[in-house]
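A.B. asks: Residues per chain, in single letters:
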Amino acid sequence: MKKYFYFLIGLLSSVVLLNSCMEELPTHFEYQGYEFTDLDPNAGQWRLVMHQSPEQFTIPAPAASGSAELNRELTEAKENISKISSKQKEAVDYWTNNPLLRWNEIALELATKYNLIPAPNPDGTYPAPDAANPGKYPLFPYAHPPYTSRMLAYLSVAQYDGLIMAWHYKYKFKRQAPYELDPQIKSAYDANKLYSYPSDGAVIAISSREILTAMFPLEKEFLAQMAQEHLESLILAGINVSSDVEAGKLIGAEVAKTALARASTDGMRNAQTNKAKSDSIKNAAKVRFGWTWENQETPQRPVGLTPLFGLVRMWNVPNVEAVRPGPPPAPGSEAFKKDAEELKRFAANLTTEQRRIANFWNDGLNTYTPPGHWNRFAKEKTVKYRLSPVRTARVFAFMNMAIVDAGISCWDAKYYYHYPRPIQTIPGFKTILGTPNFPAYTSGHSTFSSAAAEVLSHFFPTDAPQFRKWAEEAAMSRVYGGIHYRFDAEVGLQQGKAVGAYSVAKAKLDGID
Amino acid sequence: MNFKFRILGMLYACLGISTISIAQTPTDGLMMPKGEICIAVVYENSSWGRYWEGTYSRENANIGTFTRQMLMPMVVGGITDKINFIVSLPYVKTAATGGQLAGVEGIQDLGLSLKAQIVDKAVGKGKLMGFTNASFSTPASNYLSDYMPFSLGFGANELGLRGIVQYELDKGPYLRASFAYLHRGTTEAERDFYYNDGAFYTSTMDVPDAIHGQVGVGSWFLNKKLRVEANLTTFRCAKGDDIRAYNMPQPTNKVDFDRVEGFAQYYFKGNGGLGLLAYYNHMFSGRNMGQFSGYGLGMTYQFKAY
Chain A
1 MKKYFYFLIG LLSSVVLLNS CMEELPTHFE YQGYEFTDLD PNAGQWRLVM
51 HQSPEQFTIP APAASGSAEL NRELTEAKEN ISKISSKQKE AVDYWTNNPL
101 LRWNEIALEL ATKYNLIPAP NPDGTYPAPD AANPGKYPLF PYAHPPYTSR
151 MLAYLSVAQY DGLIMAWHYK YKFKRQAPYE LDPQIKSAYD ANKLYSYPSD
201 GAVIAISSRE ILTAMFPLEK EFLAQMAQEH LESLILAGIN VSSDVEAGKL
251 IGAEVAKTAL ARASTDGMRN AQTNKAKSDS IKNAAKVRFG WTWENQETPQ
301 RPVGLTPLFG LVRMWNVPNV EAVRPGPPPA PGSEAFKKDA EELKRFAANL
351 TTEQRRIANF WNDGLNTYTP PGHWNRFAKE KTVKYRLSPV RTARVFAFMN
401 MAIVDAGISC WDAKYYYHYP RPIQTIPGFK TILGTPNFPA YTSGHSTFSS
451 AAAEVLSHFF PTDAPQFRKW AEEAAMSRVY GGIHYRFDAE VGLQQGKAVG
501 AYSVAKAKLD GID
Chain B
1 MNFKFRILGM LYACLGISTI SIAQTPTDGL MMPKGEICIA VVYENSSWGR
51 YWEGTYSREN ANIGTFTRQM LMPMVVGGIT DKINFIVSLP YVKTAATGGQ
101 LAGVEGIQDL GLSLKAQIVD KAVGKGKLMG FTNASFSTPA SNYLSDYMPF
151 SLGFGANELG LRGIVQYELD KGPYLRASFA YLHRGTTEAE RDFYYNDGAF
201 YTSTMDVPDA IHGQVGVGSW FLNKKLRVEA NLTTFRCAKG DDIRAYNMPQ
251 PTNKVDFDRV EGFAQYYFKG NGGLGLLAYY NHMFSGRNMG QFSGYGLGMT
301 YQFKAY
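Protein chains in written order, with the numbering used here: chain A, 1 to 513; chain B, 1 to 306.
Among the hints, a few may not be true.
[As the list claims (entries may be wrong)] Calculated lysine-lysine pairs in the DSSO-like style (CA-CA distance at most 30 angstroms, straight line):
| hint | chain 1 | residue 1 | chain 2 | residue 2 |
| --- | --- | --- | --- | --- |
| 1 | A | 430 | B | 93 |
| 2 | B | 254 | A | 113 |
| 3 | A | 220 | B | 171 |
| 4 | B | 225 | A | 220 |
| 5 | B | 121 | A | 344 |
| 6 | A | 338 | A | 286 |
| 7 | A | 113 | B | 239 |
| 8 | B | 224 | B | 93 |
| 9 | A | 257 | A | 282 |
| 10 | B | 225 | B | 304 |
| 11 | B | 171 | B | 304 |
Think of the hints as simulated: they come from the structure by calculation, not from any bench.
If we strip away everything but chain A, and leave its shape as in the complex, we get (with noise of 0.2 angstroms):
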């Protein structure tokens, strides 16, 4: 009886002691703030996106060094650190000194909660997101590839407009850091001596805070509050005084107003359409090359996603024809049968090497979609390579304006080309990846990637590499996942190499890079 007693005491224990191995999850990009490779001192100079002049918005000039006000400003926020909390301590770690990273995060993570496809009605009609009531089923927005791609746009020009305009005034005013200009503050990051007026972070904190409530305006109040807290940090990082965080405020709220009056203008609003134009694209479609896309859910979904987000505005290609790939080979056609037995192969037999490159990439619903996907790679390079925040802001305004080009592209391509899945074309053919609600050609993971990779290339030349292979694996994952064919994926790449070059065209404008 008793050597039972020890067996059942022995278990308890094994099991407590595998709880408590349990590591916890990454829940964000684990980085620390950290010394810049360059303060990018010429910033102030490289050429706006959506405004004319670094002046443009004009903001008080400082209180001088030595000035009673700003004197009281350092004992304010003397103070302020001298009382900090824990977690006032922890989100002074977790912003760092290039918070756009934690932004762009958060970007990411709304992307993914909003990233659902709306379930159909009892009667099988679909219900449809409505910007005017965001908070009625289904939530708004859906944020698919599209809409993700554009809003990391916005967002990324916005934060890049704001920070050059920072940089301009920082060299214009030279106010320097708190922690140079009073010994007992201590600056929480790397000590690098770049001028704090007006706060970059702060410029950061409110143009994200507003491009993001536009974009995704039930989250409203958690922005706030994480703009709060952020800018908050910036004096408890003894990095900035008030003084530098209000004219950052100003900077901020002016360069996302610019950014969503061109949102409100640029022809999203008219991307997602009713039946009846859907119906007369695809008619175009059957008349021009006699074949269509058709949904093959159940219920049919009666409109595909967004067939004229292809007439939104672009950021860097003049026009949507200019990067229109040709035709793809008709449905029965020599070239087609090609690709389409090659689909049953990799269906019949999938490798476990192929398995896997098409799962990481799926990045479907419910996810931040491959826009989603290389920011975070950008991410990851900017902390490998030690990027200034305007030299970050740079490399993520011009890889997510080619980004969001690639997308309208594509869809210019999908609807134009209205060309049908491979589960509507092979009969009874099944996939490890679920089929999207728009048509096959081009394939928006590889038009995507490939200009994502196209302009991360430039800016960090010894990985173009391995963004290119990358790039190359997304296209290919979506043939293995049965959803693309081949030619899907090999004109999409294609397509996208052509629409980063645009974006590159324009980085090199600058001659900085």
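Dock chain B against chain A, hints included.
C.D. replies: Coordinates of chain B only, in the frame set by chain A:
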């Protein structure tokens, strides 16, 4: 004790929760004597047309009717009269009638279990028995757990600790209750980012621990050749997220269910040899899982090995 009775009970317990995970460890109130081996093969077929998204019951025409078939070989043996081992290795196949997602099939999890009898005494016109049982299961192939609902299992190691109490009248009727705590490890997805009430930047998914409780009432008939039992099972995960609106399930979900079952087993001869078993079960409430109904059919063969 009748050894047929023992193996039957063990099998029955195993099958009881196979629709949720894997070959589980016995919950019954029986032991095999030293040197006895029982080999069993059970076929199970269960399906659902509705599933619980959180606690909301819904249909999805892109799944239609989901079916899960399992063929489970199993060996039970008496190490001593008071300690038994159980080994099982199910083969599972899943498919759906609607939509275009491919079903999967393959070897699921290897289950190993040790069971010890710690109480055995006469009480009134019957006897009271107590058992404890430790089980371990581990994926036996590289199946992908992050492919729900089609995945073969939850893809994590599981360590279970169980207590069982049974009171059996000499005339045949019995009453049994069991309770288990199931500690589950983590499973590896093939993507390195997922959402579980927030973003996770890892391919590791935490499969929540669970409790498993069961009460059964049954009796022997026909000179102990036939046994019939009815039981009620309840299963609760300790934590986990809900399936999001019209989205796929994932291994991190909080899975709960309650199920009723009828079970019968028949032996052709009095002592050893061939036996048959059959059962039917039905889930009547649940959370984040398909509302399974299913049946199982099995053959057992028992002999003195050493």
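A.B. asks: Run every hint past the structure and note whether it holds.
C.D. replies: So, going through the hints one by one against the coordinates:
no.: 1; hint: A:430 <-> B:93; in the structure: 15 angstroms, holds
no.: 2; hint: B:254 <-> A:113; in the structure: 18 angstroms, holds
no.: 3; hint: A:220 <-> B:171; in the structure: 70 angstroms, violated
no.: 4; hint: B:225 <-> A:220; in the structure: 69 angstroms, violated
no.: 5; hint: B:121 <-> A:344; in the structure: 64 angstroms, violated
no.: 6; hint: A:338 <-> A:286; in the structure: 23 angstroms, holds
no.: 7; hint: A:113 <-> B:239; in the structure: 20 angstroms, holds
no.: 8; hint: B:224 <-> B:93; in the structure: 35 angstroms, violated
no.: 9; hint: A:257 <-> A:282; in the structure: 37 angstroms, violated
no.: 10; hint: B:225 <-> B:304; in the structure: 19 angstroms, holds
no.: 11; hint: B:171 <-> B:304; in the structure: 26 angstroms, holds
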